[in-house]
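Student: Line order of the protein sequences matches chains A and B.
Residue numbering for the first sequence follows this note's numbering, beginning at 358 and increasing consecutively.
Residue numbering for the second sequence follows this note's numbering, beginning at -16 and increasing consecutively.
These are calculated hints, taken from the structure and not from any lab test.
Careful, some of the hints might be misleading.
Far from chain A by the CB rule (all over 12 angstroms, computed), these chain B residues [what the hints assert, rightly or not]:
#1 K5
#2 S178
#3 L183
Derived pair list, reagent style DSS-like, types lysine-lysine, alpha-carbon separation capped at 30 angstroms [stated by the list, open to error]:
#4 K370(A) to K73(B)
#5 K56(B) to K370(A)
#6 K5(B) to K604(A)
#7 K73(B) to K502(A)
With the Cβ distance kept under 10 angstroms, some of the chain A side facing chain B (calculated, not the full set) [unchecked claim]:
#8 M360
#9 V363
#10 L374
#11 N450
#12 T452
#13 L453
#14 L455
#15 L456
#16 S458
#17 A459
#18 L461
#19 S462
#20 D603
#21 E605
#22 L607
We put the CB at the ideal spot given by N, CA and C, even for glycine.
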Amino acid sequence: MNMILVIAAREFKTLFLSPLAWTILAILQFILAFLFLTQVESFTMLQPQLANMDNAPSLTDITVTPLFGNAGIILLLVTPLLTMRLICEERRNKTLTLLLSAPLSNAEIIIGKYLGSLGLLALIVMLITLMPLSLLIGGTLDFGKLFANVLALLLLVSAFASIGLFMSCVASNPTVAAMGAFGALFVLWILDWSAGLADKRSELFEYLSILRHFQSIQSGLINTADLSYFLLFISLFLLLCIRRLDKERLQK
Amino acid sequence: MTTLIRAEQLTRYYGKQCAVNKVSFSLAKGQILGFLGPNGAGKTTTLQMLCGNLAPSSGQVHINGFDMLTQPKLAKRSLGYVPDTPPLYKELSVHEFLRYCAQLHDMPKADITAAVKLAESRCGLTEVTDRLIANLSKGYQQRIGIAQAIVHNPDVIILDEPTVGLDPLQIREIRSLIRELGQEHGVIFSTHILSEVQELCTDVLIIRQGVCVLNSRIEDLPAEQSLEDIFIELMQTPSVGDL
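Kindly produce the complete structure, drawing on both the sequences and the hints.
Tutor: The following block contains the structure:
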């Protein structure tokens, strides 16, 4: 456990030594703040009509849910860039030897790397959460729903990072790793679009679609099926990463 | 003398090609083993197997009595490895990097600062300790590679061609460092420079096409022949397979 934290801390700090982490934080914050303001604007325009409606959507529904939905899509593009160099770059620079000849198990290396990159993603989610919290100055929020959104986004980026790490283990080149991770995530994202065609519904595709589980938690319905989907997803890919690193020693 | 490394019948195949074939040797404390062989003879492969970076196709490695396959963590604890390309995180400073290496070997927090200082002074890195590794010359980077391997004070130090690409002065410094390390540790290093082996080592091991052709103490070698003569003779004799 101690070793995992050592590797994770190093990984997290290294991210901030290059402009990459700062650039991602700045650009994401800018784009999402813009989208968030648009949502707030539309709420103020709709407010008179909402006042006359029964069961009207609340401030939280109109601002928070779209904000986290958009953040999910943008992070789908960004996470592969963050994770692409995790193992791949070490292998290319021959620094992987340092980790492989240190008294560490492969699981410690993989989980350490994973948590390190997850640290930055969690920081991004935290910064996004600050935006709706600023609405408390002049309004009220549904904290249950806000929590559900934060949880959904955290689970989503954790799943993204696990696929990204796996691709970084497999690929010999960071660009290939990023492309692979992006491709896999995009397919999982659009998988349930076929559900729109009434007679061509596939239960399997619907279950596999990451978007469906994300939206289900986002709506405030935190159920075990969705939680276990994400946990299974993450553990599957981390396990594959560890297996892949084992293979490194066996063949070349 | 305590046996630090025991390699038994190490064999490694890359696909169908046999890179290392049944190499056995042992190393005790206070020994410096020179590992010789022409390019592509299997030196690096053997060293990688000793360090647990590569699994042998068959055979066993024991480091300090621990099997590399079944107890890798305990075996690696007493191991310091300098690969042919030193594994350096170039975006870190020398100090940060060595600290990280000490942490990876699970050193107690209280000892790390002293250990890093000692490794830096032994490898002559004290004046560059706050500089970024990326900005240092190849000679310094090589020395950081060695510092990384000795920072946790391992019993066994394995160096893969540590003097390649260094200037004569640096070569001499590294050699005296290896000699110093050999007094309290077991050291294995591979090289192409035969005089280096004659000067430094207590033992010599020569492999050719993956087969060990000579494993002897330096003092047991025939006195009238130089190591170079012996090496060339061994390389020119046709191997059993060729006959």
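Student: With reference to the structure, classify each hint as holding or not holding.
Tutor: Do the hints match the structure? See the list:
1. The non-interface label for K5(B) is consistent with chain A: the shortest C-beta to C-beta separation is roughly 19 angstroms, beyond 12 angstroms.
2. Remark: the non-interface label on S178(B) is consistent with the geometry, its nearest Cβ contact in chain A lying 28 angstroms away (cut-off 12 angstroms).
3. At the 12 angstroms boundary, the C-beta of L183(B) stays outside the reach of chain A, the nearest C-beta of that chain being 23 angstroms off.
4. Note on K370(A) and K73(B): the hinted pairing holds, with a Cα-Cα distance of about 14 angstroms set against a maximum of 30 angstroms.
5. The straight-line distance between the Cα atoms of K56(B) and K370(A) is roughly 26 angstroms, inside the 30 angstroms bound, and the hint therefore holds.
6. A hinted pair counts as satisfied when its Cα atoms are at most 30 angstroms apart, and K5(B) with K604(A) qualifies at roughly 22 angstroms.
7. Pair hint K73(B) plus K502(A) does not hold up; C-alpha atoms about 45 angstroms apart against a cutoff of 30 angstroms.
8. The beta carbon of M360(A) is positioned within 10 angstroms of a beta carbon in chain B (closest approach about 7 angstroms), and the interface hint is therefore held.
9. The closest approach between the C-beta of V363(A) and any C-beta of chain B is roughly 5 angstroms, which is under the 10 angstroms cut-off, so the hint is satisfied.
10. The closest approach between the C-beta of L374(A) and any C-beta of chain B is roughly 5 angstroms, which is under the 10 angstroms cut-off, so the hint is satisfied.
11. For N450(A), the shortest C-beta to C-beta distance to chain B is roughly 8 angstroms, which falls under 10 angstroms, so the interface hint holds.
12. Interface hint status for T452(A): upheld, as the beta-carbon distance to the closest one in chain B is roughly 4 angstroms, under 10 angstroms.
13. Look at L453(A): its Cβ gets to within about 7 angstroms of chain B, closer than 10 angstroms, so that hint holds up.
14. A cut of 10 angstroms between beta carbons decides the hint on L455(A): the least distance to chain B is about 4 angstroms, and the hint holds.
15. With a least beta-carbon distance of about 7 angstroms to chain B, the hint placing L456(A) at the interface is held under the 10 angstroms criterion.
16. Restraint check, S458(A) versus chain B: the minimum CB separation of about 4 angstroms is within 10 angstroms; hint holds.
17. This hint holds: A459(A) has a C-beta 4 angstroms from the nearest C-beta of chain B, less than the 10 angstroms allowed.
18. Checking L461(A) against chain B: minimum C-beta separation of about 7 angstroms stays under 10 angstroms; hint holds.
19. Taken as an interface hint, S462(A) checks out: its beta carbon lies about 7 angstroms from the nearest beta carbon of chain B, inside 10 angstroms.
20. Against a cut-off of 10 angstroms between C-beta atoms, the interface hint on D603(A) holds, since the closest Cβ of chain B lies about 9 angstroms away.
21. For E605(A), the shortest C-beta to C-beta distance to chain B is roughly 8 angstroms, which falls under 10 angstroms, so the interface hint holds.
22. Annotation: L607(A) was flagged as interfacial toward chain B, and the flag holds, the nearest CB pair being 5 angstroms apart, inside 10 angstroms.
Hint compliance for this structure: hint 7 alone is broken.
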